[in-house]
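Novice: Listed below are the residues making up each chain.
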Amino acid sequence: MTVTETQAPPAATTPAPALEPPRPSTGLAAVLGTGEHRTIGRLWIFTSFAYLLVAGVAGALVGVEKVDTDGLGDVLGADVFGETLSLHGIAGTFLFLLPLFIGLGIHVVPAQVGAATVAFPRATAAAYWTYLLGGAVLIASFVADGGPFGADSRFVELFVASFIAVLLALVLGTICVATTAVALRTTGMGLHRTPLFAWSSLVTAALVVLQLPVLAGLMLLVYVDHRYGPTFLGGSGGVLDRIAWAWSQPSVYLFAIPVLGIIGDIVPVSARTRLSKHRIAQGAIGAFGALAFGAWAMPGFGADGAAPLLHVGDVPFYAFSILILLPALAFAGLLGDTVRRGSLRVTSPLLWGVASLLMLLTGILNGILVAIEPLDLIQTTAQTAQIHYVLVASLLGLFAGLAHWAPRLLGTPVQEVASKALAALGLVGTILLCLPDVITGFLEQAWRLQGVSGDDVDAVEVLNVVSIVGGLLLVLVAVAFVGLVLKAAVGRDHDGDDPWEGNTLEWAPAGATPAITSEAPVYDARHGAGPSTTEAK
Amino acid sequence: MATATATTPTPERLPLRLEDVPPAPPRRPRVLLVGTALASAASIALFGGLLSAYFALRAEVIGQGEQWLPDGASIPLSPGNMTMVTLVMSLITAQWAVHAGKQQDRGHAYFALGLTVLLGIAHVVQLGFLFTQWELPLNGEPTMQAVLLFTIMGLHVAMAAAALIFFTLMLLRSLGGQFTGRDVEGLSAAALYWYVTVGIFVVLWYGILIVK
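Heads up: the sequence lines are chains A and B, in that order. Take 0 as the starting number for the first sequence in numbering that gives the first Met the number 0 and just add one per residue. Take 0 as the starting number for the second sequence in numbering that gives the first Met the number 0 and just add one per residue.
Looking at chain A on its own, in the form it has when it is part of the complex (with noise of 0.2 Å):
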């Protein structure tokens, strides 16, 4: 007997009733209301090319004074000096360096490890707002005599105020991207496996984490100091004193760090093949990154609000300074492994990063000199030239890592040749803007108003001349730069092409999701084949 199954014909569903979607915002309210990480990374990177232009304006000014070192302060006055110093390097790093950082990494990382948005969309939107009101406000704090060396003390006040929404802002959206680099890796992506940008950006978060804060402690105890208390820190004119070393040696590298991730997913690109080593690679990023951790140099508290140097001279400032060039020299070797191995080719963002790791690495032997106590560089121009060759370093990598990803960013890629001309523009500018101070430091010209003694007065005005050329050329290059970007973002919301045969998530077409069984997924996708454990280990 055979059975015949008969299958009881299917029930007759009734429709639910179309729920018609929520009409999705448009124009300004779209962009104040977004929750959207994309969004939210442009105006991260967009807000902080005006800080940019910011810095520079002051940096500008700050050069013009040195010119003639006899009058130094008859430009400016030596208050508006000090006001121009401290708004030079407070927008340059905390308004335009570590934002733009941010930007990048909330549009990015989440592309690199495979997850649909950013980690806590919202709070990430809340950071932005506090740091774009904050930026204004600490600008506007300094039009209106705040700030360091500031003679209203309500506009003092502002500033620190307005400094530690900032600094918080600058901690939360580092905690979300770092979040984003940790939780909401996708399925195979182990922490070994994320991509050196994303890398880089968790280690970047964990010192910003760490070091972030104490400055904004400080901060409030400055603000509490002077409005009520009896200004032991030093009032206004000591302001400067309390940030500074967030930018000096070994501090100053944490605003290298995400550059080093960058270049390490261009390199291997340009090259069109695989990194060497990458666990290697991740473990000098995260070693480059402790020994950026300086919170433990800032200045003592001396007697009358005197700042200290207390690390001068200490066995951890030389072994700090001279140890971070070791992993700085694994990575770029490993750097130099992958082109030889790779067939290479010279894009724009690769010129850009190399231009970058050149600059880093020089920043990194200047600080070994300033490290070096019977040299006596410390405050003279030699180590502004050290913090300058971090810092334009750290911007050029930036730029290579827009114009890596301005596909995935703005839609299109920026103009190639330019943006080739502009990197190495770039290149010159930083060499003529450091060298010379790095030189007239030996010379023993203080890096504030002191001016210079001596017979070399007339070279070291010529040095200075030569300075800032080199100054207004990188101006100008992080100008037209900012105009190509905002040229190819200009009416493009999408996420374009592929022009490099990227390796990682981020370069995925759209809707395939490869299997992540290396670092370089798209990579082995493109190759058919898993990943060459000999060259991926």
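Misleading hints may appear alongside valid ones.
Stated by the list, open to error - Just a few of them, taken from the derived set where beta-carbon distance is under 8 Å, the chain A residues facing chain B:
no., residue
1, Ala177
2, Pro212
3, Met218
4, Val223
5, Tyr227
6, Val478
7, Val481
8, Gly482
Just so you know, the hints here were simulated from the structure itself, not pulled from any lab data. Quick caveat, the model's predicted, so the values are computed rather than measured. Glycine is no exception: its CB is placed at the ideal position from the N, C-alpha and C atoms.
We have chain A already, so just place chain B on it with the hints.
Specialist: Same frame as chain A, but now just chain B:
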């Protein structure tokens, strides 16, 4: 003629083998817990920096042969000790809330959460009382010591308030059914931040209120 259209073989029952068991779904990413851990690290760094400044300046003053607290100032022990005991009790209730949440014991979870919030508010009130007992004016003729003590302890009040808001938010979300026995991440995150808040106060209590 009978037409056989489909035959269904009788499934054989085989012993279940380990390799046949489908893999467990990936664990839900613990986003809130990771974010809270990072925020806790930032809070520790914040107080670490302030305490470093406090101890450096204290050592500077004592090194000059002077006493740390100015004449007339006093830091009574009892209010500080009482608030310390209050916070230790709140540690137990916070962990109780997490445990009860895991056990699906919603009644006890709500009760423990409410107790934790109550003890936290008591801590804030007791610190406010302590501030009135210091005899360290911040207005009038302020001293360096007053600036340091009010900044650090006042910041801890703010931190405790933030932790309490976090706890209350998680309590409300639990009441709304968002957190269940399978997912107490929100409660665990709030508890973690509370533990860090209490841990920092232990350092402040000993380093500032006891050692003076």
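Novice: Run every hint past the structure and note whether it holds.
Specialist: So, going through the hints one by one against the coordinates:
Satisfaction of the interface hint for Ala177(A) is found here, the shortest Cβ-Cβ separation to chain B being roughly 6 Å, below the 8 Å cut-off. For Pro212(A), the interface hint holds, since its Cβ comes within 8 Å of a Cβ in chain B; the closest pair sits about 4 Å apart. This hint is violated: Met218(A) has a C-beta 10 Å from the nearest C-beta of chain B, more than the 8 Å allowed. This hint holds: Val223(A) has a C-beta 5 Å from the nearest C-beta of chain B, less than the 8 Å allowed.
Given the 8 Å rule on beta carbons, the hint for Tyr227(A) holds: about 5 Å separates it from the nearest Cβ of chain B. Hint on Val478(A) is violated. Least Cβ distance to chain B is approximately 35 Å, over the 8 Å limit. Interface restraint check for Val481(A): the shortest CB-CB distance to chain B comes to about 31 Å, outside 8 Å, so the restraint is violated. Interface restraint check for Gly482(A): the shortest CB-CB distance to chain B comes to about 36 Å, outside 8 Å, so the restraint is violated.
Hints 3, 6, 7, 8 from the earlier list are contradicted by this structure; the remaining hints agree with it.
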